[in-house]
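Residue numbers (our numbering), protein chains in the order written: chain A, 149 to 462; chain B, 223 to 469.
Honestly, the hints are just simulated from the structure, not real lab data.
Each hint should be verified, as a subset may be incorrect.
[Stated by the list, open to error] Simulated pairs of lysine-lysine, DSS-like, Cα-Cα distance not exceeding 25 Å:
1) A:LYS212 x A:LYS160
2) A:LYS252 x B:LYS382
3) A:LYS445 x A:LYS175
4) A:LYS160 x A:LYS364
5) B:LYS241 x A:LYS227
6) B:LYS317 x A:LYS212
7) B:LYS382 x A:LYS212
8) B:LYS317 x B:LYS241
9) A:LYS383 x A:LYS425
10) A:LYS364 x A:LYS383
11) A:LYS252 x A:LYS280
12) A:LYS252 x B:LYS464
13) A:LYS280 x B:LYS241
14) A:LYS175 x A:LYS227
15) A:LYS383 x A:LYS445
16) B:LYS464 x B:LYS241
17) A:LYS212 x B:LYS241
18) A:LYS227 x B:LYS317
19) A:LYS175 x A:LYS212
Keep in mind the model is a prediction, meaning the values are calculated, not measured.
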Amino acid sequence: MPQHLNGTKMSKVVEVEGLVKSYGSLKAVDGVSFSVDEGEVFGVLGPNGAGKTTTVEMIEGLRKPDRGSIRVLGIDALKEPQRIKELIGVQLQATSLYDRIRVKEAVDLFGGYYRRAIPTATLLEEVSLTDKADGYVSELSGGQRQRLALALALVNDPSVVFLDEPTTGLDPQARRSVWATISGLRDRGKTVILTTHYMEEAEELCRRVAIMDHGKIIALDTPAALIANAGLESKIEIDRPPEALRSLLNQADLPARISEDGGTMLLHTGRSSQVLKEITRIAAAHDIDLESISVQKATLEDVFLSLTGRQLRE
Amino acid sequence: MRILARQVMLEMRLFLRRKDDLFWTLAFPLFFIVLFGLIYQDMQWEDFGLRAIEYILPGIVVMALMTSGIMATASGFVEERERGIYRRLSLTPLKRHTILGGQLIQRYLVNLVQTALLLLVGVLAFDITISGHPFFVWLVVTLGALCFLSIGFLLTGLIKTARAANGISMVVFFMLMFLGGVFFPNELMPDFLRFFSNALPSTNLNDLFRGVMITNLGIDEMGRQLLIAGGWFVGSLALAVKLFRWE
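All chains, full assembly: derive it from the sequences and hints.
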């Protein structure tokens with residue numbers, strides 16, 4: 149009896165243990181273990197080729213792992229893949245469909261494959277494709293295709309949704325709209341597993357993030373904790389400060405390292421709020437206007453850089 | 223069962239929207255029958271004691287079965303596979319044999335319509351008489367349809383890309399057509415070619431179909447042809463199942 153059916157509260161929706169997958173001599177996934185809590189948006193972040201897609205495709209049942217175990221909603225995914233298909237929703241990195249099928253028909257078609265399906269009109273409304281319902285799939289733009297793929301992933305009202313790079317190749321506006329849909333899923337208590345190589349996407353949407361590189365998880369935590377634990381500094385920028393302020397700050401004993409960048413004063417610090425307080429206090433005491441000051445916090449991009457010595461996107 | 227019926231409907235709808243498929247499976251053979259009908263309208267083949275068009279019509283039906291069974295099946299399936307359509311479908315609870323069943327049934331239904339249409343044109347426009355029992359006509363058409371569909375699916379297992387599938391299935395089709403006695407009797411071929419021709423499924427299906435259409439030979443008098451055509455069906459089907467792939 150799977151846990152979620154016998155009444156006990158189930159907190160782990162996906163449990164992956166020691167997953168290994170090789171292609172020839174390449175270890176695409178090399179000992180990956182993690183678990184995903186019910187109702188969270190879980191991000192798998194990493195550069196192209198890190199093993200993100202291979203990992204999620206093994207959980208979805210598209211690929212067989214060489215070693216390791218996978219449980220989805222308490223069901224052994226390697227023993228009963230057919231049962232899991234009914235319960236999960238998947239958006240592949242690239243979804244292709246028959247050209248000569250209408251948008252509405254495609255959603256109807258997929259809905260018909262499941263025991264339970266959301267009405268087509270409701271789904272199309274949700275992904276803003278209502279006005280394209282009668283158009284052929286081949287006539288959709290890239291962003292519209294992605295939204296249709298998302299609708300197909302949600303057609304069976306799944307409790308776990310896998311989204312593989314759902315916003316890759318989308319313009320900023322379309323990306324925002326996909327983000328809104330994902331937030332909506334989270335608000336309705338769905339568990340979402342999301343792969344991405346956009347760190348801002350992971351920061352915006354995910355409760356926890358696993359950072360992958362070369363087939364391994366190199367860090368796993370909330371975005372805030374990942375940044376805090378990496379011991380990264382924030383950067384306070386003061387654009388063209390008055391000379392008086394510049395010398396006052398240089399003399400003050402601030403817990404910050406000061407540098408210059410073409411007239412802009414940069415203060416690197418792990419304690420940005422304390423330094424900011426000091427700066428405003430000094431400025432106020434000497435009646436100096438602080439016109440352009442900004443704080444740049446460290447991002448997951450910086451975390452990746454500090455963990456691997458490489459940029460996330462090259 | 224309901225899901226299979228829906229899958230057949232889907233395939234049929236997609237088929238009716240593919241202009242190229244419609245052309246090759248329906249317009250192309252009709253064009254041939256009309257063309258040859260007009261050319262050979264009154265020509266007698268004294269050696270065989272029949273009108274040329276009587277000989278050619280069954281051949282064109284076999285040709286039509288080959289266009290949809292071999293060419294359309296191989297290139298259509300490989301293209302959809304290459305584009306990852308079956309990969310996406312495999313994430314749904316839909317069973318793979320339902321996808322396959324849907325395609326087979328849809329193509330078989332198209333085969334029946336093709337044949338009926340060609341025979342109708344033959345009877346109405348060119349005065350063809352069908353001497354055999356309709357049941358045997360159906361039986362031979364069904365054997366032909368299954369045989370060529372199996373060969374078509376066998377090719378999908380052997381060919382990786384849609385480009386190659388188009389080319390290779392076309393070559394197979396033309397070889398089976400010209401060496402298979404579609405347009406002229408293989409008695410006109412040199413010995414070594416005729417020997418080869420006699421082993422082809424198209425030759426034997428042509429013989430069978432002409433048998434039931436023209437001479438009203440009993441099925442029992444065509445045991446050799448039945449055996450060879452049936453062998454091709456069973457053999458290609460077994461190999462097709464063995465080599466079949468979804469990705």
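Pairwise hint evaluation, LYS212 of chain A against LYS382 of chain B, where the allowed Cα distance is 25 Å at most: Roughly 22 Å separates the two Cα atoms, so the pair holds.
Hinted pair LYS212 of chain A and LYS160 of chain A, Cα distance within 25 Å: Measuring from Cα to Cα gives roughly 22 Å; hence the hint holds.
Hinted pair LYS252 of chain A and LYS464 of chain B, Cα distance within 25 Å: violated (36 Å)
Hinted pair LYS364 of chain A and LYS383 of chain A, Cα distance within 25 Å: Answer violated: LYS364 of chain A to LYS383 of chain A is near 30 Å, above 25 Å.
Pairwise hint evaluation, LYS241 of chain B against LYS212 of chain A, where the allowed Cα distance is 25 Å at most: Status violated; Cα separation ~39 Å.
Distance restraint between LYS383 of chain A and LYS425 of chain A, which requires alpha-carbon spacing of 25 Å or less: OK: LYS383 of chain A and LYS425 of chain A at ~14 Å, within 25 Å.
25 Å limit on alpha-carbon distance, applied to hinted pair LYS175 of chain A and LYS212 of chain A: Cα-Cα ~14 Å, so holds.
25 Å Cα cutoff - pair LYS445 of chain A, LYS175 of chain A: With Cα atoms ~35 Å apart, LYS445 of chain A and LYS175 of chain A exceed 25 Å; violated.
Holds or violated: LYS317 of chain B to LYS241 of chain B, with C-alpha atoms at most 25 Å apart: Outside the cut-off at roughly 28 Å; violated.
Pairwise hint evaluation, LYS382 of chain B against LYS252 of chain A, where the allowed Cα distance is 25 Å at most: violated (31 Å)
Holds or violated: LYS175 of chain A to LYS227 of chain A, with C-alpha atoms at most 25 Å apart: holds (24 Å)
Restraint status (C-alpha distance of LYS464 of chain B to LYS241 of chain B at most 25 Å): Roughly 32 Å separates the two Cα atoms, so the pair is violated.
Of the numbered hints stated above, those contradicted by the structure are hints 2, 3, 5, 8, 10, 12, 16, 17, listed in ascending order.
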